[in-house]
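Line by line, the protein sequences are chains A and B. Under this note's numbering, the first residue of the first sequence carries the number 1, and numbering increases by one thereafter. Under this note's numbering, the first residue of the second sequence carries the number 1, and numbering increases by one thereafter.
Just so you know, the hints here were simulated from the structure itself, not pulled from any lab data. Where hints are given, some of them may not hold.
Claimed, not checked - Cβ pair distances, simulated, as ranges: (1) A/571 <-> B/970: 56 to 62 Å; (2) B/664 <-> A/422: 28 to 34 Å; (3) B/970 <-> A/127: 16 to 22 Å; (4) B/808 <-> A/28: 47 to 53 Å.
To be verified - Think about it this way: if two alpha-carbon atoms lie no more than 25 Å apart in a straight line, the pair counts; the simulated SDA-like pairs of lysine to any residue are: (5) A/137 <-> A/177; (6) A/99 <-> B/928; (7) B/288 <-> B/1090; (8) B/937 <-> B/955; (9) A/418 <-> B/912; (10) A/99 <-> B/914; (11) A/257 <-> A/29; (12) B/1071 <-> B/85; (13) A/379 <-> A/352; (14) A/99 <-> B/793; (15) A/379 <-> B/398; (16) A/137 <-> B/793; (17) A/309 <-> B/522; (18) B/849 <-> A/137; (19) B/412 <-> B/1044; (20) B/829 <-> B/124; (21) A/99 <-> B/695; (22) A/22 <-> B/695; (23) A/136 <-> B/1121; (24) B/619 <-> A/29.
None of these values were measured; they are calculated from a predicted model. From the three backbone atoms N, C-alpha and C, an ideal C-beta is built for every residue, glycine too.
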Amino acid sequence: MKTLFHYIICPALILTALSCHKVAVQITTELTPNVFPQNTAQFIQATGPVYAALRGNFALDYWFIQSLSSDEAILPARGGNWYDPGNGYNQIHLHTWTKDNGWTNSVWASLSRVIGTANQSLSILATTIPDSVATKKANLAEITVTRDLAYYMLMDVYGNIPIDTTFGDYTPHANLPRAQVFSFIENDVKKALPYLSTSAGTLYYGRSNKYTAYALLAKMYLNAEYYTGTARYDDCVAACDSIINAGGGSLYALEPKSTYLQMFYPTNGPAMKEFIFAIPYDPTATLYPGTNGFMYRARYDLNRNLGMKYRYSGSTPGTNVDPIVNQTTGGGLVNSQPSGPESTLASFFGYFNDPNDVRNGQWLSGLQYNADGTPLMVKTTKGGSQGYDATYTGADAGSTYIYQLNITPDVYYRTDPKSGANPAIFDLGNDEISWNMGVRNIKFYPDYTNASNRNQNNDVPVFRYSDILLMKAEGILRGATPTGGATALSLVNQLRAQRTTSAAWTNITLDSVYNERCRELTWETWHRNDMIRFGKYEGAWGFKTDADPNHRIFPIPSSALGLNPALKQNPGYN
Amino acid sequence: MQSHRHVKARLSTGLLQTKTIAAARTRTASMSCSRSKIFLAMRMTAILLTAACLQLSAGTYSQKVSLSVKSQSLETVFRHIKSQTGYLFWYKLDMLKIANKVTINVVDQDLPKVLDEIFRDQPLTYETVDKTIVVKLKEPPAPNLDPGSPPPVTVSGKITDEKGNPLLGVSIQVRGAKGGVQTNAEGFFTLSGVREDAVLEFSYVGYETQHLPVRGNTTINIVLKALSQNLGDMVVVGYGRASRKNLSSAINTVKPEDLNRGAITDVGQLLQGKVPGLNISASGDPNKPAAVVLRGASTINSPGGPFYVIDGVPGADISTIAPDDIASIDVLKDAAATAIYGNRAANGVIMVTTKRGRKGQTLVSYNGYVGDERVSSSVKVMDAPQLRAFLTKNSQNFSAASDKGANTDWQKQIERSSAISTNHNLSFSGGGEHSTYSASINYAKKQGIIDNSDLTRVIGRLSIDQYALNDKVKFSLNVINSNSNANDIPYLGVILLEAAKYLPVSPVKNADGTYYENLTTPNYYNPVAMLNNSQMNNKYNNLLGSFNTQVRLPFGLTYDLNLSYQNYSTLHGEYYDAYYTSKYNNMYNNPDPGPTGHGLQTFGPNGQAVRSSYQNRAKVLETFFTWDRHFGDHSINAVLGYSWQDNINNDGFQLTSFNFPVDNLAYNNFALSAPYASATYPHVSFGPDGLYQETKLISDFFRLNYNYKDKYLLQGSLRRDGSSVFGANHYWGYFPSASAAWRISQEKFMNAQHIFTDLKLRGSYGVVGNSFGFNAYTAQVFSGSLGTYYYNGNQVSAYGPTQAANPNLKWEQTATADIGLDFAILNGKITGAFDVYNKKTTGMIFPYKVDPILVPSGTIIANGGGVSNKGIELSLTATPIRKVDFSWTTTLNLAHNTNKITSLNNPLFSSVDSIPEADPEAAGQSGTFLQVLKAGKPLGQFFTLQYGGKNSSGVTQFIDHTGKPTTTPVAGTDYVYAGNAQPSLQFGWNNSLRYHRFDLNVFVRGLLGNKIFNATRADLFRPSTASTTNILVDAGNESIADANVYRYSTRFIESGSYLRLDNATLGYNFKSIDPYVKSIRIYASVNNAFVITGYKGIDPEINQGGVAPGVDYNNFYPKTRTILLGLSVSF
């Protein structure tokens, strides 16, 4: 017994124990590649992250970079409010941005995240979807084209960017010249084209189908001369034609005058026949981690006294019985006030010179009225820095002053120092006169359906059918061979017929196409792109006088330079 | 019990002489040389007799004797000694007839020396058997043999344990010679051919090895002492024990009597100030565990506390243990000591040993106390008249809604005037022939000083050792179950903040009895209403069970197999009633300082409840061989083992629902909730993803100790550690260590000097790892929810990879070099240890930023960067006074550490210049960081504006980067490095005094040279908001027009040096009132008696742990003082 114990059992015990050296743990509680994705529905769910990531910063950061840098929008400070040295709304307007500018940094990071997410999804799906699955190539192509859209947006803003396509490759890649980036995107899209869906409608709404790819190509070809030095207008027209002829010419169509404005309402969605690719926003959506992911234009665009009228964020009179908007308390709903610092410039508002144009309805200008037609009155004090007019110094400056809200188109610094205007910090002053400067845009109409917060349900189009028609017209005007019996004039008139009751045009120039694009695509993130293509980006507007052509692209942001030592700064920046 | 004669030779060469070791030394090895059978019988009688009376005499008697007699009888002298020391004398009356009269004059002399003196001129000699002195006849002097070649003799004898049981298999060999014999089942041995001048070595696993010169004796009977019963000398190291004198690594031992006293339920606080190099900071909040940092933070990756090993169970939860059940705590500090725990040892290892039974000793003890805790320090905000006067002075008014003419002290309103804590611990232990046991039950109830909070904890513990197979096999079963029920306070951070800033002119309740609220002021809530309209309860159960088998094999081999299981389960409930969810919806929380910022809290309507239940389980198998052999002057101890551990954490679920018909049912009936009836918030939630984690740890380890003549000591160890938390390419790592020590006092040349009774120089180097501070699945890729996206008409979940795989993720590595000196001087009156160390961490694990085009989340957990810690530690114990009825022992611990981040770079992903830390998110200052992590700077480096006084119009200005004053400084550009949070010196000073039957212990501790960023003060330094929120009394002289006054700057950086009288305890030991009552002691104790500091906040003891130490923000929890009365009885 003793011997047995000493010499056999013990060593046996030890050896048994020593033999186990398997330390790896099988994860049983997470979606490892072993368990996800496994079936067709899950393959589709695995394409979701790239869309959630794209939604992340499109309606805010990307919009700021594209619109505030153009003459369509301005976001000045008022009494120190909205003066944000880190994000530098003033820099974006004045074209004095640096690599440290907050929006410059966040747009780069967020678009990079879309690309990284796409690469990650592609790598996982490439191995987890069996080759025998018929939809495999379609799943991969859909993600690829969405990635290419992000690449395009990144290239449009920053010009020379690095190309990373392989997830798990941590090598720092240098940024390539824009022409090379252009051909990479073009080839990548073309490779994916054959596998993309030709369907539209609810099932493909918010997802990249074949016509998203063509619209992207059309945008690239239209700008090819600027991007690469080589004109590709015929290719642009061909890409537009692929969309125009989609579904036998009936897949997409223009919205009529009666529903043009509704196209951007909180209730918009897959029924919009003009939307080729839209980013669906939803107040109840869950965010892609690290992104903003919501759309809330009214927070920026609505004059702060208009919250109640537009039921901003569920504003109701509540216990407030005073029908007059109390400026200082927002009618007892301080937290539900829109900030409303953002407006257009009078010069841009000038493009809306046709009183018969339904597109005028997106602007708020002049005296304001309640829904029942009564004047919208505001209660404040006559003078004082937060009263109606800070320059007023009469003895009754502190007394109550009630006036009808009047939105004035000019955005300017008043000369009286008592106004509080301070050009050094892009500040118009803190009185009602200052706050009422600038025509407001409510194209993405305040969401009266969401009573609990400022998130809006309005989907935001990226590619719209009217844009395709205008692009084709412009392509022809710039030298492409007309196709399908259409001319530049006929194409633009085709659009205008659905926008205004004024007579059709009889002649067309590049400039008139530009003006039409201004009216048609306001607030849709394309205006900077248009201004550059039409050579107007170095002009002077608002407070901006900068004319440096280097500023057509933004600097590679400092955070990116810190994370990728292979990146080289764009010309003209340090 | 043992029977040893005192050997003088050992005295002169001496050992490390701490107070306890000196005491233990009187029991140190030697043996009887008697030959007569009568004497043997007498000795056995003595043993039995002593067994009977041992406990009677066991107490706190001194072993120092002061005696002045002239020509007195031996019997009289014995009486004197007995009264002073408690030692009993055993003698035959007729022996005394031949005794000579005694004349002696000694003061405060060691008992053995006194006895030697007394017996020098007597025909008698003596032998100490535990606490009994056995008097016997002197043997005739040994014949004067030819020194050249004494004939070899045959030596035989019997080896027993302390109980007198024969020991089988004890090896006996001649030192320096080969071969040897073992005892038989009766404990007898015979060894022939032994030279008369030979030294015999008696070794037995689990017992202290003894060396004995033969000196011509042919019968040698010896009692071996079990190691476990001698903790004063023995140190618990990983996978074994070692004798302190032969350690070559840096280990501090804290015995239960040295642990901090008070109503303490947290082990960290028990050790505060007791171990040099162990920086422990406790918050005022008793439910927050103290932050423990050993020898400076070795990483910025959520620097964690040490690794705990309880009774050999690695990674055990320390809160399982009742303080009264602790037998010893060993703090393993250098890498030579910790490397045996491989990749979990970078922050040090703390070994906790609980009490065990002893054979033949039945002991029943009761310890209990009742404590009374009161607020000693809180935030000094203005009262109503002060605030009203301030506003009047500045031509301002309260709003009519706020000003109800009250004078409410909101802090008092949420506090108890007195929080009572009680603790009862009943333990019993004992043992028979082949088994021992120890069991205890502990009941603790502690009220929090904030209303509605309390903790009730019941701990049951049982440990049994059973010997089998002729006592060659020992089975041990240990079971501890700790069950807690805690009532906590939801959003305590908000409540404390509101209590500090709520206007004193508002009442707690309106005239109609409803709570007063003024919700038009944003983020402004009645703290008493918050407290009383919400509840939170946590029930924890912590089970720790282990089953150990130890088998003694031939050739000095021992085999251990330890199996353990831990199960920690929590049941959590929260309820916010309808009042709460309607009034406080969309409030911001106010979390403890840390990585998570303030977040908007939304509640569903009509009451919201949260319930969660989670379980953590750990299974450990450890098995190892120990080989302990002596070859003459050479001793070898080798350990070779294997360890397997599987941890599962957070196995459970969470549920949040709302819309309850009534509030009375709280979180107890989710079935009645109707979340989907809500239009605005129609969903239940299930808590965060990714909580469940399984970790596997597998290791092989080896350690070799070599000892030459107890003079030269060498140790080497190697652990091969595998952990599933690392990347696939780096599961396995090797953690080596080596150390050496030279006991200089053992050298011959030291015999001449009389200063050092012990002197040991030691040095060590080793590498350990850190595998904590990140998710178990960090290195692997998997998918999770990445928001929702529009699909076919609905928002559906988008699933995709949520983290990047990093197959190269490995442990962070900390290499430590340590040089130490242990000494005992002036005959043990002063003992101490001195250590110098250099600790370097490389490959630090950190969430490095990555270009999101590579990793969309923007971060990846990877290795890079490093931290260095260099320091000096000194511990000194002295006994300046040791008189018959008065003694004073004092211990001083000093530690200095210099911490520096050496790099923040990761070679693969990015070079990080600096990482901002500590953003208090104060209004108007969000995004303002107070600290920076930067290479070349220490952890806790303050980085802020330089205060530049006031300008002519009374506005606070700052010094900009060009050196000019400015009122509009630029964050970052104008920041300066402004000191750091780490102390240059930490100290603990303990004093034990005894006067007759009274004992007094006074413990003082503190820090010197550290800075604190008093952001709490800055945040309440807002004169311009005084009409809506309260301000500090100190802000009363600030201008209301100064909009810069509260801005974080060097103005709010203060010295954090302090000295605290942490504890004073006065006890009284009653005389034996009954032979069956062994001891009765009552005591009174005060905690936090006073603190001396220039710091203006509540208390200068600000968190020293984590990645942003030394920042006082949200520090509103009041500091308290506890007075405690206790009773200890043993039977």
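Structure versus earlier hints - violations, ascending order:
1, 2, 3, 4, 5, 8, 9, 11, 13, 14, 18, 19, 20, 21, 23
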